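**Q** Here is how the chains run, residue by residue.
Protein chains: 2
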Amino acid sequence: MENIYIIGVGMTFFGRQKEKSIKDLTREAVQEALQDAGIEYKEIQCAYVGNTAQGLLEDQYCISGPIALRSMGFEGIPMLTVENACATASTALYLAIHFLQSGQGDVAMAVGVEKLNAGPKDKRFAIFDGCWDVYLTEESTKKLLSMAEGFEVPPGTQTTEPYSVFMDIYAAGARWHMQKYGTTQRQIAAVASSNHTNSKLNPRAQYQIPLTIEQVLAAPPITYPLTMPMCSPISDGAAAAIICTEDGLKRLGLDKKRAIKVHASVLGTGITRDDNDETKNIASLAAAKAYEMAGLGPEDMSVAEVHDATACGQIFQVENLGFCARGMGGPCAEAGDFSLAGRLPVNPSGGLLSKGHPIGATGLGQVWELVTQLRGEAGARQVEGARFAIQENGGGVIGLEEAVCYVGVYGKCD
Amino acid sequence: MENIYIIGVGMTFFGRQKEKSIKDLTREAVQEALQDAGIEYKEIQCAYVGNTAQGLLEDQYCISGPIALRSMGFEGIPMLTVENACATASTALYLAIHFLQSGQGDVAMAVGVEKLNAGPKDKRFAIFDGCWDVYLTEESTKKLLSMAEGFEVPPGTQTTEPYSVFMDIYAAGARWHMQKYGTTQRQIAAVASSNHTNSKLNPRAQYQIPLTIEQVLAAPPITYPLTMPMCSPISDGAAAAIICTEDGLKRLGLDKKRAIKVHASVLGTGITRDDNDETKNIASLAAAKAYEMAGLGPEDMSVAEVHDATACGQIFQVENLGFCARGMGGPCAEAGDFSLAGRLPVNPSGGLLSKGHPIGATGLGQVWELVTQLRGEAGARQVEGARFAIQENGGGVIGLEEAVCYVGVYGKCD
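Going down the list, the protein sequences come from chains A and B. The first sequence: position 214 = 444 (our numbering), numbered continuously. The second sequence: position 201 = 431 (our numbering), numbered continuously.
Possibly wrong hints are sitting among the right ones.
It does not matter which identical chain is meant; a pair holds if it fits inside one copy or across any two.
Unchecked claim - Below, computed lysine-lysine pairings styled on DSSO-like, alpha-carbon distance capped at 30 angstroms:
#1 Lys353 x Lys248
#2 Lys351 x Lys430
#3 Lys253 x Lys353
#4 Lys353 x Lys480
#5 Lys353 x Lys250
#6 Lys510 x Lys253
#7 Lys272 x Lys519
#8 Lys519 x Lys487
#9 Lys510 x Lys272
#10 Lys480 x Lys250
#11 Lys430 x Lys480
#12 Lys510 x Lys487
#13 Lys410 x Lys491
Quick caveat, the hints were computed from the structure, so don't treat them as lab data. Every value quoted in this text rests on a predicted model; they were computed, and no experiment measured them.
Produce the complete structure using the sequences and hints provided.
**A** If you want it as structure tokens, here you go:
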């Protein structure tokens, strides 16, 4: 695998940005990434864009990516729009890496952009309902919810619309984890508290209000055991990463010290669930492959950004990524292992929960944070001595599985 | 560039297939491609899917590709959904080629699928209206239509809804070509007549009714100079291609004689229009790059499939691909140069006009035809001695330009 480096990252504020168009958001992220890399846009030889909802919300059903970039002057080069549910932006990066590794060029760009605060309010939730097999929604939801069968749900804690089925699915998974491992609602709240506390230090985060475990528990219930701050919000935003080859670094005369090396880039899809073997889930498999590709293990990681679409998602993922033993995600969270001051900070940015979750931009938002951390430029939320970082970005649901999952491993060059 | 081979192709009937789901169509094309390659689905190491309209028409906004493939057993491997307007399927192939060339694996698959005969009838035209910048539709349409300013449009030949703005844009381009080069409506009708006549020999084509030039001219007008058989129809269908590396060929023990070599695979986007230099359009530029990559020229091509979303599109493209001098596309068509018996058969399949245009599948439908021709398996429409073939697949509109364009060059191995 040819060496690939991230040389520039850009990211807008994540949150409600009703006054900004998709083009505005794209321009903001891309311009920052170009400035960060110190190169002109004409150096970019391919530009892949991730977006999920502009068709639904603004009737831009086709070529939304090329259109947004063309308005900035990009032309001639290969451009396309890619979609992979919540893993959309990472998928754009995955493909841009292959563009370089296949020898097509030496500088490429991946962009993710989403504007969910657009169009009629009731329409925007359809994007979530369109994240799993629309032909099977009822059946698969029933199956998912039956996972937690026999586990008593406190009265008055049913789904609050319009959070819809997605939160039900996560909640069912959480109840399954609670049953199997004794995970408590308080431990899940500890994840949300940690992430909301981190994002107080992130000026680009949607929420910047630290929450205690008690505040998280006392918040309005969504679906048991999830309360509102345990669920990611509706967000607008964009993020971009510019990458290059070893030759590209030289040609552009860039300082390798600021470049971040891509040690692994893995995209996988869910496999048939095996309740007797929890290592057979897509995030575990993708992580194993990524560690192998990088020649590194979980013990080498200094910092992580993982897919906490809900707080319990983070508990699953720290286990899948090997940060703790199976079933220990909850206790470790409550013990502060994954807090900013803990042994392995997870979601220092605030994560999807608190930094925000503009679907098609989320994965590259994670990359932005990790690159910033690895460069030692994360300010008040800097993880000291960060050397290697891991990203996990999942998306969609097929049957009982997460549909897709991207895992990236990145590291300092010096 | 590492050698890449197409080892299996599959394609459904293109046309109205209301009773078949996206999953059915996908399965049909993929199963044929697997059977054609003589391999099991478990050999496929990445599967990229092109689709544009399942969100709009069936509310499957996300992961439509992975969902369709998962229902066939595909799991674990990288999967994603890509969109690039009418060039969607070719873009999936472009990316799958890079997956292999980047060293990620030795066997990959690209699939394109579209079901336009779904959902409410009035809704399906929105996919075309979403093929250019929705913020600029009125302005850019006005500009486009002004290209043919001063050219008298016969009365009673205005746009017939719901063919909408897309046909207006093509018609404006046609009128510009008529003004500049003296191209006649009869010459454009000759293209449609040739393609509709070819598809009589293609059992998978939507229309299999040969039409004379007179019949094309006498058909209901859409927007001058286009009549109905000069415009591609609304279609459902799927097509798939399985590709592999040199190592993959050996590992699978496949006969190289039946494999088709990918000599070039180029994706580009439109550049700012220069009316004084017609070589500065995306198809010409992509073709020039493809010929260079292949080390071949237009004179080496035995057969071509080009993007005839309208008959005048084919006139533009034969010029862009260098099959004749600028301005000679019309006269050459009328002289039969690009007919099945002509010096360089174009769209022997019937093209988009007559084989059909299931947007997200179209590009791989072209590949299916060219692979079949190069293998000498095209039956009654076989181009004798076909050795090298070229594909041109465009999509979308940005400003005055075609938004994206894919050009592929393929050849026999022996």
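**Q** All hints, please: hold or fail.
**A** To see whether the hints hold, each was checked on the structure:
| no. | hint | result |
| --- | --- | --- |
| 1 | Lys353 x Lys248 | both (15 angstroms within a copy, 26 angstroms between copies) |
| 2 | Lys351 x Lys430 | within (28 angstroms within a copy, 49 angstroms between copies) |
| 3 | Lys253 x Lys353 | both (21 angstroms within a copy, 25 angstroms between copies) |
| 4 | Lys353 x Lys480 | neither (48 angstroms within a copy, 51 angstroms between copies) |
| 5 | Lys353 x Lys250 | both (19 angstroms within a copy, 27 angstroms between copies) |
| 6 | Lys510 x Lys253 | between (40 angstroms within a copy, 26 angstroms between copies) |
| 7 | Lys272 x Lys519 | between (35 angstroms within a copy, 18 angstroms between copies) |
| 8 | Lys519 x Lys487 | within (27 angstroms within a copy, 35 angstroms between copies) |
| 9 | Lys510 x Lys272 | between (44 angstroms within a copy, 17 angstroms between copies) |
| 10 | Lys480 x Lys250 | neither (37 angstroms within a copy, 53 angstroms between copies) |
| 11 | Lys430 x Lys480 | neither (38 angstroms within a copy, 56 angstroms between copies) |
| 12 | Lys510 x Lys487 | neither (38 angstroms within a copy, 40 angstroms between copies) |
| 13 | Lys410 x Lys491 | neither (39 angstroms within a copy, 53 angstroms between copies) |
Hint check: violations occur at hints 4, 10, 11, 12 and 13; the rest are consistent with the structure.
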